[in-house]
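Going line by line, the protein sequences match chains A and B. Every number in my numbering is 835 more than the matching position in the first sequence, counting from 1. Every number in my numbering is 371 more than the matching position in the second sequence, counting from 1.
I should point out that these hints are in silico values taken from the structure, not numbers from a laboratory. Source: prediction; values computed, not measured. Just to be clear, a hint being listed does not mean it is correct.
Covered stretches of chain B, going by a simulated chain A footprint (3 or more residues, C-beta under 8 Å) [stated by the list, open to error]: (1) 440 to 451; (2) 507 to 520.
What the simulated footprint calls covered on chain A by chain B, stretch by stretch (three residues with Cβ under 8 Å from a Cβ of chain B suffice, anywhere in the stretch; the number is not a length) [as the list claims (entries may be wrong)]: (3) 857 to 865; (4) 981 to 989.
Label pairs and their in silico Cβ distance ranges [to be verified]: (5) LEU533/B - ALA966/A: 54 to 62 Å; (6) GLY902/A - ALA522/B: 50 to 58 Å; (7) VAL987/A - ALA449/B: 51 to 59 Å; (8) LYS939/A - ALA522/B: 30 to 38 Å; (9) ASN932/A - LEU533/B: 50 to 58 Å; (10) ASN932/A - TRP540/B: 21 to 29 Å; (11) LYS921/A - ASN510/B: 24 to 32 Å.
Don't be surprised by glycine CBs; every beta carbon is placed ideally from N, CA and C.
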Amino acid sequence: MLRIGFALLMLIAATGLASAHPHVFVDAKEEIVFDEQGRMTAIRHIWQFDEAFTAFAIQGLDANGDGKLSDEELQPLAKVNVDSLKDYNYFTLLKVNGKHVPVKFPSEYWLDFHDGRLTLFYTLPLKTPTAPGLTTTLEVFDPEYFVAFNFVKDHTIHLAGAPANCQATYRPPHELDDATMAQLAAIPMDQRDLPPELADAASSLASLITVKCS
Amino acid sequence: MRRLPAALALMAIPGLAFAASSPFGIATPDGSGSVAWAGPFKGFFIWVAAQQAAFYHQLTAALKLLTESGHAALILVAISFAYGVFHAVGPGHGKAVISSYLLASGDTLKRGIAISFASAFVQALTAIVVVSIGTLVLNVTAVTMTRATDALEIASYAMVALCGLWLLWSRLKPVERRTAGAGAPVHVHDAHCIHNLSFSTNGAMSTAAVSSTSFSCDCGHAHTPDPSTLTGPLTFRNALAAILAVGIRPCSGAIIVLVFAISQRLYWAGILSVLMMALGTGVTVAALATMAVKAKDLALRFSAEGSNGRLRILRGLELAASAGILLFGLVMLGGAIAAA
């Protein structure tokens, strides 16, 4: 009898859960730094922000009003950025043989501004240097999708100082084609489970970087 | 009513899913959580996210285009509106609060739609005021502006909780006191009043017509005071509180777009864009509010004919929605304070 009323309440609750709000668009390049023993020691992020977010980020930063942003003017913002990213685990997930490899607070970080866009450079040292395993994967992804990561084509991943037998590959997030999107859109709101083929299409939004040392 | 606790728990989930400030320390996400990616509506929200991202890119592109040609204004208006529609499907923007409010208050659909648009426009105005003062008057940094919006967010959730508390209290109050509080019922016999009893086509008076006309007629002749006139000033103040509670929390998207427009020396275009976004947001919120009110009507229609059972369901729904608003406000407030 009350089913409709409760379906309604659930619907309202569900819309409250809705999470899809990209407000920051990042063009990312990644680097994994190796030591002489062939172990991974750090991850370097190079994240270029979109123009609108850049405009917001640099608002009021030109303290001396010379129309340029000096390193001194940008550094406090870089600090705020990395301090805040800590709570989000830097959107970085490095896994060796399926095990999460923890990172430390950035050892260096700075912002660069040119052509109307800010770029954040920062280096995350691994807690302990770790050799690549049978499977080594790096994911850079915001599950809340407040930040949309896009990876720069052909420059997504660079292995710095890696042994010659190591190679990195990049698998882009599965683009949802129009047909899949239309299928997704046609699913009634009350259907609890997606058909398996659609669930697969929807689950791989994260890009995956894989490191293999033969 | 056994499922009431479950429903309440469901409504509280949005707040449980997160306690986060902002990944870059500037621009706070609009009350998000990662739940939807795993939830039953995953596919739908991924699709909405893709639409939003596309519109956002087009929107910033249209703003840039305006620096070269004034004709891009029309494009900007259209895209901003579309962005608003899709954007509001995401978290925030008071959809849950407004819809629950309408269930709790028993407001009419017409007023519900008005409240939806009003809250969207107040939200746009807040963004315009915050950014105008922040950039043009004080020239503060993004960090300061984010702090200001975080403070407004806390105020917003506190107001939502108060609104829920108020609604809950007014629903739980004994009926006698509600009646007494609203002044003596009017009993006017209008001279022009014609007791217009309805007859069905076969000439026999339907029982429904008898029962309705025997209690009241709609020409200023009210033996039983109409509930809507009783709670009139109360619901108006409540509606205003709900609109403000939702509206004083500006959305990050509007703020970023406005600051971007100002940085391109297109202040007017930024304001136009944000207002159009609000129109689009209003459409989405109003659509959801309509669904809420319609579903409530439907639930009532399918419920027992006996007015007692129906009244109990109505009261139950109102109580659940009021408690839901209170819970939502409290949980979100807790999350926002913890993150601040």
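Verdict on chain A covering the stretch 440 to 451 of chain B, where coverage means 3 or more residues with a C-beta closer than 8 Å: Our answer is that it is violated, as 0 residues pass the Cβ test (under 8 Å) against chain A, missing three.
GLY902/A paired with ALA522/B, Cβ distance criterion 50 to 58 Å: Given a distance of about 31 Å, which is not inside 50 to 58 Å, the answer is violated.
Supplied distance hint 51 to 59 Å, evaluated on CB atoms of VAL987/A and ALA449/B: Violated, since VAL987/A and ALA449/B (Cβ atoms, about 31 Å apart) do not stay within the stated range.
Verdict on chain B covering the stretch 857 to 865 of chain A, criterion of 3 CB contacts below 8 Å: Holds: 4 residues of the stretch 857 to 865 of chain A have a Cβ under 8 Å from chain B.
Supplied distance hint 24 to 32 Å, evaluated on CB atoms of LYS921/A and ASN510/B: Taking Cβ atoms as reference, LYS921/A and ASN510/B lie about 29 Å apart, which means the hint holds.
Coverage claim, chain B over the stretch 981 to 989 of chain A, checked by counting residues with Cβ within 8 Å (three needed): n = 3 at 8 Å, threshold three: holds.
21 to 29 Å as the expected CB spacing between TRP540/B and ASN932/A, which holds or is violated: At 58 Å between Cβs, range violated.
Beta-carbon spacing of LEU533/B to ALA966/A - inside the hinted bounds 54 to 62 Å or not: holds (57 Å)
Beta-carbon spacing of ASN932/A to LEU533/B - inside the hinted bounds 50 to 58 Å or not: For LEU533/B against ASN932/A, whose Cβ atoms are near 52 Å apart, the range 50 to 58 Å holds.
Range hint compliance [Cβ, LYS939/A to ALA522/B, 30 to 38 Å]: holds (33 Å)
Per-stretch coverage check for the stretch 507 to 520 of chain B, three Cβ contacts closer than 8 Å to chain A: Answer holds; 7 residues pass the 8 Å Cβ test.
Hint check: violations occur at hints 1, 6, 7, 10; the rest are consistent with the structure.
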